[in-house]
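Student: Chain residues, written in single-letter form:
There are 2 protein chains.
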Amino acid sequence: MHTSIATVSLSGPLTEKLTAASRAGFDGVEIFENDLLASPLSPEEVRARCADLGLAVDLYQPMRDIEAVPDEVFARNLRRARHKFELMRRLGADTVLVCSSVSPDALDDDALAAEQLSRLADLAAEFGIRVAYEALAWGRHISTYDHAWRVVEAAGHPALGTCLDSFHILSRGSDPKGIEDIPGEKIFFLQLADAPLLAMDVLQWSRHYRCFPGQGGFDLPGLLTHVLRTGYSGPLSLEVFNDVFRQADAGPTAVDAHRSLLLLQEAVGVAELPAPVVPTGVAFAELLTPDAEPVTALLGALGFTRAARHRGKPVDLWQRGTARVLVNTGPAARRAGTRLTAIGLESPDPAGAARRAEDLLAPVLPRRRAPEDVPLDAVAAPDGTELFFCATGHPGLPDWRADFEDLAEAADPVCRIDHLALAQPWHHFDEATLFHRSVLGLHAQESVDLADPYGLLRSRAVTNADGSVRIALAVGAAPGDDTVHAAHIALAVDDVVAAARAFRAAGGRLLPVPANYHDDLAARYEFADGELETYRDLGILYDREAGGAFRHCYTETVGRVFFELVQRDPGYQGYGAVNAPVRLAAQHAVRGFTGG
Amino acid sequence: MHTSIATVSLSGPLTEKLTAASRAGFDGVEIFENDLLASPLSPEEVRARCADLGLAVDLYQPMRDIEAVPDEVFARNLRRARHKFELMRRLGADTVLVCSSVSPDALDDDALAAEQLSRLADLAAEFGIRVAYEALAWGRHISTYDHAWRVVEAAGHPALGTCLDSFHILSRGSDPKGIEDIPGEKIFFLQLADAPLLAMDVLQWSRHYRCFPGQGGFDLPGLLTHVLRTGYSGPLSLEVFNDVFRQADAGPTAVDAHRSLLLLQEAVGVAELPAPVVPTGVAFAELLTPDAEPVTALLGALGFTRAARHRGKPVDLWQRGTARVLVNTGPAARRAGTRLTAIGLESPDPAGAARRAEDLLAPVLPRRRAPEDVPLDAVAAPDGTELFFCATGHPGLPDWRADFEDLAEAADPVCRIDHLALAQPWHHFDEATLFHRSVLGLHAQESVDLADPYGLLRSRAVTNADGSVRIALAVGAAPGDDTVHAAHIALAVDDVVAAARAFRAAGGRLLPVPANYHDDLAARYEFADGELETYRDLGILYDREAGGAFRHCYTETVGRVFFELVQRDPGYQGYGAVNAPVRLAAQHAVRGFTGG
Chain L
4 MHTSIATVSL SGPLTEKLTA ASRAGFDGVE IFENDLLASP LSPEEVRARC
54 ADLGLAVDLY QPMRDIEAVP DEVFARNLRR ARHKFELMRR LGADTVLVCS
104 SVSPDALDDD ALAAEQLSRL ADLAAEFGIR VAYEALAWGR HISTYDHAWR
154 VVEAAGHPAL GTCLDSFHIL SRGSDPKGIE DIPGEKIFFL QLADAPLLAM
204 DVLQWSRHYR CFPGQGGFDL PGLLTHVLRT GYSGPLSLEV FNDVFRQADA
254 GPTAVDAHRS LLLLQEAVGV AELPAPVVPT GVAFAELLTP DAEPVTALLG
304 ALGFTRAARH RGKPVDLWQR GTARVLVNTG PAARRAGTRL TAIGLESPDP
354 AGAARRAEDL LAPVLPRRRA PEDVPLDAVA APDGTELFFC ATGHPGLPDW
404 RADFEDLAEA ADPVCRIDHL ALAQPWHHFD EATLFHRSVL GLHAQESVDL
454 ADPYGLLRSR AVTNADGSVR IALAVGAAPG DDTVHAAHIA LAVDDVVAAA
504 RAFRAAGGRL LPVPANYHDD LAARYEFADG ELETYRDLGI LYDREAGGAF
554 RHCYTETVGR VFFELVQRDP GYQGYGAVNA PVRLAAQHAV RGFTGG
Chain G
4 MHTSIATVSL SGPLTEKLTA ASRAGFDGVE IFENDLLASP LSPEEVRARC
54 ADLGLAVDLY QPMRDIEAVP DEVFARNLRR ARHKFELMRR LGADTVLVCS
104 SVSPDALDDD ALAAEQLSRL ADLAAEFGIR VAYEALAWGR HISTYDHAWR
154 VVEAAGHPAL GTCLDSFHIL SRGSDPKGIE DIPGEKIFFL QLADAPLLAM
204 DVLQWSRHYR CFPGQGGFDL PGLLTHVLRT GYSGPLSLEV FNDVFRQADA
254 GPTAVDAHRS LLLLQEAVGV AELPAPVVPT GVAFAELLTP DAEPVTALLG
304 ALGFTRAARH RGKPVDLWQR GTARVLVNTG PAARRAGTRL TAIGLESPDP
354 AGAARRAEDL LAPVLPRRRA PEDVPLDAVA APDGTELFFC ATGHPGLPDW
404 RADFEDLAEA ADPVCRIDHL ALAQPWHHFD EATLFHRSVL GLHAQESVDL
454 ADPYGLLRSR AVTNADGSVR IALAVGAAPG DDTVHAAHIA LAVDDVVAAA
504 RAFRAAGGRL LPVPANYHDD LAARYEFADG ELETYRDLGI LYDREAGGAF
554 RHCYTETVGR VFFELVQRDP GYQGYGAVNA PVRLAAQHAV RGFTGG
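Protein chains in written order, with our numbering: chain L, 4 to 599; chain G, 4 to 599.
With the rest of the complex left out, here is chain L:
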């Protein structure tokens, strides 16, 4: 379907918005009036810019407080409308959005509203323009889509139709099934926005918290299904007001926006995309570092051995059990110190996984870095992390380890990567979740707030069905916090006490945890003799839920990465979020553990 986005959904001056929409693959735009007013370009120039960019001007919006008013007011409104229609002709826009009136002057008189909208449509028709009438959720007398449609139907004018906006419909709890009673050709436009389910004033909710389809809590596939059953064949357009998007770079926002429309079309069966290939495990995590020594000292103390070396690049493979960490001292490392830059995901169909990612607008990375390398399918996640779709010892698929020369027989105590925690750029938390869900086919767990001494963090994990892939996405409370929090690699062990002791015996430093924390554990739980003392000694944190217990401790931080040792009971599904404030405060307190 033809896709469109309202300029108000993106940040920057009008031309920046148009460029971003075009680059992201949109077919058209809704021009938001204030964006035009603030632009130094004439309407003709905007039209030409859109044409150059391959964008249709699908809608001009909004026209407000038009209908159901006394005659003399309506005469003034028509005068104003004539100006706008002249402007739209210059702009090349053939549809105008009219929002139901919020004016105290408006009368509760549907017949008058229909008659005046009909007269407005008469005038519009002279300019070859169609009027799309929409019920605002907070409209004074007309606030539901079915009411707006009854008025449009009563007017019976060929240049007058309705505009449906998912926010206005779903925020009021209206049943979208009634949409099917509207003839598709009378639905002139469809605006889509999702939103988190908040109990708040609907006007504030609308103005500040809308988000792209799939990022919120609305059933947009359900709504779109009803719309399509009417025969509607107009644009799918995004109209999203959001305080964060207003500040975010328009380019990535437009890509996220377009991805969300592709997914919506897939969900209702009007677009076909390669099916998700859910990863079946974590093949490796890759650290880029300018100085391998601190990282490899840490890995050594954690029981990793250097198992292999890349044939052509300064990359070593460190391994303990099935936990594999690549240490890359390539030239890009100097920029930002030690970072987690790539994740290898076990995939039963690496090429298929990459195809889906590419079709969903993820940047594809070169398949080979050097001619002699095994071809690897890889894309960049929204936060820049490289995701490799690969196979480890899978018959019929090339093994990514073929590029490596064995150095040592790996000692194999039981150990695997339990989860990876990635710090997300401030603006792109919901986008990151949607990406991991939709592109990788992972399931998103509940979002949680974590109190850091200097602000709230939000964290949300995505997992596959058996929990063999778990990625925790975390974001700071404000821009600038991006750099405060390091990524980490959590290693699952059978016995965290033994693992922590071995780490310490090998010279590793564990994050010290305040005694008050363990005193509190004593108040909350009963432990076997000596158990709590052991935890206290090693800095092991503890959580319990119905499914079982979770014991975990943290290493020092190197650059922007640290490790966690976890012992997870099979039924425990969390990540010890209850302990996060203590861990974060401890990391702030001990300078050597914060990285920065």
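It is worth saying that the hints were derived from the structure and are not from the lab.
Watch out, some of these pointers could steer you wrong.
Cβ-Cβ distance ranges computed for the label pairs, FRET-style [what the hints assert, rightly or not]:
#: 1; chain 1: G; residue 1: Pro186; chain 2: L; residue 2: Asp246; range: 40 to 48 Å
#: 2; chain 1: G; residue 1: Gly187; chain 2: L; residue 2: Glu534; range: 44 to 52 Å
#: 3; chain 1: L; residue 1: His86; chain 2: G; residue 2: Ala300; range: 34 to 42 Å
#: 4; chain 1: L; residue 1: Glu361; chain 2: G; residue 2: Arg67; range: 29 to 37 Å
Partial chain G-side listing against chain L, Cβ under 8 Å, derived [said to hold, decoys possible]:
#: 5; residue: Ser14
#: 6; residue: Ala41
#: 7; residue: His86
#: 8; residue: Lys87
#: 9; residue: Ser121
#: 10; residue: Arg249
#: 11; residue: Gln250
#: 12; residue: Gly254
#: 13; residue: Pro255
#: 14; residue: Asn519
#: 15; residue: Asp523
Computed footprint of chain L on chain G, listed as stretches where at least three residues anywhere in the stretch have a Cβ under 8 Å from a Cβ of chain L [claimed, not checked]:
#: 16; segment: 457-470
#: 17; segment: 525-536
Computed from a prediction, not measured in an experiment: that's the story for all the values here.
All C-beta atoms, glycine included, are put in the ideal place defined by N, C-alpha and C.
Dock chain G against chain L, hints included.
Tutor: Only chain G this time, still in chain L's reference frame:
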């Protein structure tokens, strides 16, 4: 009264919070449990630190999900409570907060709740501890203060009382008059928080949007009056959860917090402060600049003449009508380029104004900068702007101009400072408003959102009764935006067209406004022949409200300052906020006009 603040209201580790509370003049603190758990200090060490800082440990909080549960659960809860009471003994805290249960295990049984709270109080009494029971607004069965009090009354235990929290009472719309039915000695604690009036889920509202008294919309003086009528003589304590305060520096936040409690006590008549001395005009605005040339060129084009020079410092007085601008090229200027650093406010009692400011914790600036200077009463506003309380030609008061040597007879076309617009640091918008309202006795107008191309700004003006002092406080949407927006000086003229033409003729550059804006004005209003073309030519913006019209235009920006020319009809009370998105976009578009 004894003042206190919950550690959760301030950011940073526990010791940073304690230091900030002490410096701001609080008498005590509520220790929030998670702050203690995350602290490397033992309870004894925290106690000693508080004693060093002169802080009482007024409360330990919270204890949750204690009451109205089956016997075996209550036995576990008592065990947990014993741990906490031991901890409190080490901490030197003699009152514990118990919140009404939110547990699904809790039974709707007031008698059982009373009996178990009584048993808890028995145990507490062994430790010399008092239990303050509070109704959470979202408590499972007990969610109103009167209900919590009935349970406490039924228990009839001397170590059990109630805790009142203004948020939980006022957010539910409970009538606080019923507080007077509680004997004061049974109110063990009083927690105060204000909040903006938001229609949203009360738990989210509580956790993220609380603010200090006077910064929100609650009638806290009314509530406190009811509490005091009971004979309550315990602490006034602030318990505020707020996403912004979590990130803000604890020091200034604690000062703002304490100021709000002083004002609250003044409002209910239990503390006496020097009365506000409302300023009666703007004596001057002072610009600090490393290079006087661009600023004075701009002032010259605006019709200012250099009227006088300071006897001892590199400060010139520029004047047009009663608008006076000091241009200071002193040594501090090099740091940050041209900035608006000080405001002179006409005061009928400069010393009294400064006394009130000082009693309300505003830093007082040295009265004389040099021995020969006229003594000036001055304080720093929260954003660092220096506020001078002074008199211009007022019989019986020293004239601040006595330090200046006349250079020229000022030509006197009618001109005065209409308003000053100041960019506020991101974290301190509500505090700035409260400061200007309470310290200066100005009236705060409604807060408005302004759309900048890269984010939403919030703006709120404070004024005196006749509008001769107007200060518009604006804040960006996020940290870092502090530096995006310049301060400005708006000059009121009788004829903005003539003033703009004269400015241009003198070589001044006016901010160009997009033609689309004026096309839109044509659709919205009817103008006399040629009027709109004049506005278009000069970049004059237009607004109209019931009280009259407002015409305004902007100069180029020098450093971090620009000027506005305004022609204000007497009945117009605004600042052309409707035009702000166009102005902001134009300033972004024309590099020379943005300053940065």
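Student: Honestly, do His86(L) and Ala300(G) meet the 34 to 42 Å range at C-beta?
Tutor: holds, 40 Å
Student: Just to make sure I understand the rule, a stretch counts as covered if three or more of its residues have a C-beta closer than 8 Å to a C-beta of the chain. Does the segment 525-536 of chain G meet that for chain L?
Tutor: Contact hint for the segment 525-536 of chain G vs chain L: holds, 3 residues under 8 Å.
Student: State, for the Cβ atoms of Gly187(G) and Glu534(L), whether the hinted interval 44 to 52 Å holds or is violated.
Tutor: 47 Å Cβ-Cβ, so the 44 to 52 Å window holds.
Student: At a threshold of 8 Å, is the proposed contact between Ser14(G) and chain L supported by beta-carbon distances?
Tutor: holds, 5 Å
Student: Closer than 8 Å between Cβ atoms is the bar; does Pro255(G) clear it against chain L? Give me holds or violated.
Tutor: Violated, because the Cβ-Cβ distance from Pro255(G) to chain L comes to roughly 14 Å (cut-off 8 Å).
Student: Is the hint on Asn519(G) kept, meaning its closest Cβ partner in chain L is under 8 Å away?
Tutor: For Asn519(G), the interface hint holds, since the closest Cβ of chain L sits about 5 Å away, which is under 8 Å.
Student: Hey, does the Ala41(G) contact hint survive, CB to chain L under 8 Å?
Tutor: holds, 3 Å
Student: Is the hint on Lys87(G) kept, meaning its closest Cβ partner in chain L is under 8 Å away?
Tutor: OK, holds: Lys87(G) within 8 Å of chain L, min 6 Å.
Student: If you take the shortest Cβ to Cβ gap from His86(G) to chain L, is it below 8 Å?
Tutor: At about 3 Å, which falls below the 8 Å cut-off, the nearest Cβ of chain L leaves the hint on His86(G) intact, so it holds.
Student: Tell me if the beta carbons of Pro186(G) and Asp246(L) are separated by a distance inside 40 to 48 Å.
Tutor: holds, 47 Å
Student: Could one say that the CB atoms of Glu361(L) and Arg67(G) fall in the range 29 to 37 Å?
Tutor: violated, 50 Å
Student: With 8 Å as the cut and Cβ atoms as the points, is Ser121(G) at the interface with chain L?
Tutor: Cβ of Ser121(G) sits 21 Å from chain L, so the hint is violated.
Comparing the model with each earlier hint shows violations of hints 4, 9, 12 and 13; every other hint is respected.
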